[in-house]
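Line order of the protein sequences matches chains G and V.
Just so we're aligned: the first sequence equals residues 1 to 87 in the numbering used here.
Just so we're aligned: the second sequence equals residues 1 to 77 in the numbering used here.
What the hints contain is simulated information worked out from the structure, not anything from laboratory work.
Where a beta carbon is used, it is the ideal one built from N, C-alpha and C, also for glycine.
Mixed in with the good hints there might be a few duds.
[Claimed, not checked] Label-pair restraints from in silico Cβ distances:
no.	chain 1	residue 1	chain 2	residue 2	range
1	V	K46	G	N84	16 to 24 Å
2	V	S49	G	L56	30 to 38 Å
3	V	S75	G	F36	46 to 54 Å
4	V	S8	G	G58	55 to 63 Å
5	V	D9	G	E38	31 to 39 Å
6	V	K29	G	S57	28 to 36 Å
7	V	K46	G	L24	34 to 42 Å
8	V	S49	G	T42	24 to 32 Å
9	V	A53	G	A29	29 to 37 Å
10	G	S13	V	S45	37 to 45 Å
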Amino acid sequence: MDPFSSPSPASSSTPSNEQIMDQLKNQIAQAYAEEFLETVRTKCFARCVTKPGTSLSGSEGSCVSRCVERYIEATQIISRAIFNAPR
Amino acid sequence: MDSPSMSSDLQSFLEQEKQKAMMNELVGKLTDVCWDKCITSAPGSKFSSSETACLTNCAQRFLDMSAIIIRRFQSMH
Numbered sequence: 001m002d003p004f005s006s007p008s009p010a011s012s013s014t015p016s017n018e019q020i021m022d023q024l025k026n027q028i029a030q031a032y033a034e035e036f037l038e039t040v041r042t043k044c045f046a047r048c049v050t051k052p053g054t055s056l057s058g059s060e061g062s063c064v065s066r067c068v069e070r071y072i073e074a075t076q077i078i079s080r081a082i083f084n085a086p087r
Numbered sequence: 001m002d003s004p005s006m007s008s009d010l011q012s013f014l015e016q017e018k019q020k021a022m023m024n025e026l027v028g029k030l031t032d033v034c035w036d037k038c039i040t041s042a043p044g045s046k047f048s049s050s051e052t053a054c055l056t057n058c059a060q061r062f063l064d065m066s067a068i069i070i071r072r073f074q075s076m077h
């Protein structure tokens, strides 16, 4: 999708600031989500699928769900540690 | 952009988003590094208190270390 396409392409005027800001926010959020997904995928594969077999086992699957939850929690802990800890 | 200068609205918005992105990047990087250092066994359903403490210490010590390195570089010229 054209990142800067205006919702009403008929109007030839440049997009408003609000439109640009919204688009930008969406794109930043999407980029962040993609990067986070990629990181979690790498980390949890390394931690949970140590010897890849012919299929993903049940225990590997549950390890992955725990891993995803823990990685999100770790992100929150780190964020708290650097932003609102008395240092 | 056909306008020669961006509106100050947009400029402060961009500055704000840049700051946020830098903070997010820092948190992401620290989580990456500290996860590898502190979470050594298969992730459980809850972090142990030592894992939580390790993550917190790891993040804060990384910042302390950064400060030392920056000072060291600043004293080079």
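Hint-by-hint comparison with the structure:
1. V/K46 with G/N84: 16 to 24 Å: holds, 22 Å
2. V/S49 with G/L56: 30 to 38 Å: holds, 31 Å
3. V/S75 with G/F36: 46 to 54 Å: violated, 37 Å
4. V/S8 with G/G58: 55 to 63 Å: holds, 57 Å
5. V/D9 with G/E38: 31 to 39 Å: holds, 33 Å
6. V/K29 with G/S57: 28 to 36 Å: Distance hint for V/K29, G/S57 holds at roughly 32 Å.
7. V/K46 with G/L24: 34 to 42 Å: Holds, at about 38 Å.
8. V/S49 with G/T42: 24 to 32 Å: holds, 27 Å
9. V/A53 with G/A29: 29 to 37 Å: holds, 31 Å
10. G/S13 with V/S45: 37 to 45 Å: Given a distance of about 55 Å, which is not inside 37 to 45 Å, the answer is violated.
In terms of the numbered hints stated before, the structure departs from hints 3, 10, listed from lowest to highest.
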